[in-house]
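Peer 1: Next come the chains, spelled out residue by residue.
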Amino acid sequence: MRRPLAIRFAGVCVGVVAGWVLGGCQATPDRDASTLHLAWSSDPATLDPAKVVDVVGANAVSLVYQGLVAFRADGTIGPALAARWSVSEDGLRYRFELDPAAKDSDGNPLGAADVVASFRRLLAPETASPRTWVLETIDGADEFRRGDADTIRGLAPEEGALTITLSRPAAAFLALLAMPNAAVVPAGAEPDGMIATGPWRVEERVRDSHLTFARNPHWSGPAPGVERIAVRILPEEFTRIAEWETGRLDVLEVPSSQADRFAGDPRLVRQVALVTEYVGLNTEDPVLSDARVRRALNHAVNVDRILAKVLGGRGVRAVGAVPPTLPGGGAGEPFEHDVALARRLLDEANVPDSWELELWQRPSPFASQVLEAVQADLAEAGVHSVIRRRDWSALKASIDAGDTDAFFINWYADYPDPENFLVPLFHSRNIGGGGNRARYRRADVDSDLDRLERTADPDARARLAGDLDARIHADAPWIYLWHPVQESLVSERVDGYRPSAVPAAERWLDVRLRGDGSR
Amino acid sequence: MIGYATRRLLLLAPVLLGVAAVAFVLSYLLPGDPARALAGERYREEDLARIRHELKLDRPLPVQFGSFVGRLVRGDLGTSFATGRPVAQELAERFPRTLLLATASMGLATFLGIALGVAAARARGRFADRLSMLLALGGISTPVFVSAILLLWLFALRLRWVPPSGYVDLDPRTLILPAVTLGVRSAAVIARMTRASLLDVLGADYVRTSRAKGLREGAVVGRHALRNALVPVITLIGLDFGSYLSGSVLTESIFAWPGVGQYALQAILRRDFPAIQGTVLFLSVVFVLANLAVDLAYGWLDPRIRQRLGARGSA
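Protein sequences, first through last, are from chains A and B. Each residue of the first sequence is one higher than the last, beginning at 1 in the working numbering. Each residue of the second sequence is one higher than the last, beginning at 1 in the working numbering.
The hints are simulated quantities; they were obtained by calculation from the structure and are not laboratory data. Even glycine gets a Cβ: it sits at the ideal position worked out from N, Cα and C. Some clues are possibly wrong.
What the hints assert, rightly or not - Quick partial rundown of chain A residues pointing at chain B, CB under 10 Å, derived from the structure:
#1 THR46
#2 PRO324
#3 LYS396
#4 ASP414
#5 GLY435
#6 ASP475
As the list claims (entries may be wrong) - Rough simulated footprint, nothing fancy, chain B against chain A, three-plus residues with beta-carbon under 8 Å:
#7 99-110
#8 287-298
Please build the complete structure, drawing on both the sequences and the hints.
Peer 2: Structure (structure tokens):
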């Protein structure tokens, strides 16, 4: 009997679907011992060192490009394209001797000309890089950036070496050179990671889906322990966790909202991140310009309770902007939770009863939990507040323009140095987009921050940073919250993983995979 | 018919001009600043001004609109602020994936929906009818993010039949969960519409005549009634297919499916004006073409409509 066409078609469809399903019965992938599987929450918009500004992008750039120097896992600075270097006594001249074995991933030798080409590219007006500040202390960088000069005066390349002269002493100059933005792209190559100078090169890229990095066969540093890194782009937390649970990821950065789910897991690796979370207060606001009001808000908010309830204790209370793991960090005196004192300070400052504080945040469940807790604490001290939610782009535009009263944001370290917290966050030359979003302005602080930038002696630098951080903290330009603890799950087949101290500088060089591919 | 299709295609030009104007104005009405989005967390005002200049955002709005329209006329959707790549190329990379997902979802939805609808209509008032409509009601009432998470939990986490997410060329397993998530809701709507429409048609004189001639019930429904009952169903399928082709942001995001929906979302979050405008325009064309295809399908299903369209096309 001949069956109707529709029934035959249905049969074929069911067969195909069943085939797919049965074929997929072993959904846990066969993973060889040579590929490390990771997930990122977004696809890097660019791999161009001159343009990259976000943590994921900086992470990708750190894999495929390297500069004269590089961050080690512990945050100290080690050699990269430069095998060694020396600094003049006045701190103005840096001479870098380049590694003679340094080659790009196509096997072409890398020299001082490549470094100069990359620096010129970063500073050139037509590049329109937002990160020219990374190299701003090089002598002649400003004239070149403005288009008033054809060369950068402070760069003197020679065979196998490069001498850089600064216009003013900059104690953190080496750290700035280790940032992804100062990484070197081979002269004439597209900045897309295909021709790399770092330990990895981009082998395959499907935008919004995945990136595969393969070992750079010509990298002169110690060979990485795995052949490849396969990175999946997984925007949703739930999906990342599902991928981890099904054994398809080797490392998972645990989202703060899911921290309780994995508490006690022996595969958990924790470290205090070089990140500070805070509620910035607009110090140009007529009411918030009074330090008594800002201190009152700090006394009103029970940070320890929020830290315990919202973060499950996964953070270190901030008593300054500088994390305690950095020199000079943790020097401030915490504001005790004291509602009566908060009320008294508000009375002394004659804050009108009609005053309403706007608390701004980006729309995330975590930010809402934090600000709702802050709002409740403020209400107890008699401060009426409203929460405003905007997506990140709109929120940043409003904050940078000084249109917000108070805003919940964070600061990620670009390099592990107290200067990277104190100067951008509190120097008056950085008000707005420079990082000083509290619009904090004090001449004595500015002058000491300038001194901090020049001070090279580590002990003196730590003392000065600690003193500055404590003074600014006492002036309360923020409601100081915490430095979060970053948690990662690391599968049992991964050996030698040590989280990088610098958020964007993870290069996975020491990681090895155990043979059978199981977790 | 050809005349009708040509006229509809010609009408596309003014529609696109209107869409272009709306997309342009809406981009600029969004709060936020593309230059600041590109500048990150720490930048100097001079650098911000330089970015604005390079992106030509410092020009007066009418000038920007003029150059936008000029580019469109040349078939150029512009260059993404964020990635520095041509928007047309970025869409061309992603659209086939969205097309694949939309086709799989609608194929599943059409097959399931019509089958359920026919079964329900033929068993009117009986258990099979009630069960089918209960399932359809469940499908309609379940939001996509709920069904997505439930399916992911059951088939990827518990049963481990399929991978939780991702897009891998030539690996259809990654298509199953997103296609089912999207398709279930459409299947439910199609089932209800098919049932209602088929019940109407089954009461018509020509169906009674077919039965009186001694045709089997399957042949009456399959050959005579269903074809006419499908006209409103085709409208539904076309509208849903058009919207799936525009990208399904939630489904693509949950299943990490790198299609147009994710691209559009990122463009909006980054205030990437050329990407927003290019995507809106491209999707408008897709939507209009999908609707045109639906209109032409009416003619294929119903000769009376074909004659009407032919008459209008030649008028």
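Peer 1: For every hint, state whether the structure bears it out.
Peer 2: Comparing the hints with the structure gives:
no. : hint    : in the structure
1   : THR46   : holds (6 Å)
2   : PRO324  : violated (22 Å)
3   : LYS396  : holds (6 Å)
4   : ASP414  : holds (8 Å)
5   : GLY435  : holds (5 Å)
6   : ASP475  : violated (22 Å)
7   : 99-110  : violated (count 0)
8   : 287-298 : violated (count 0)
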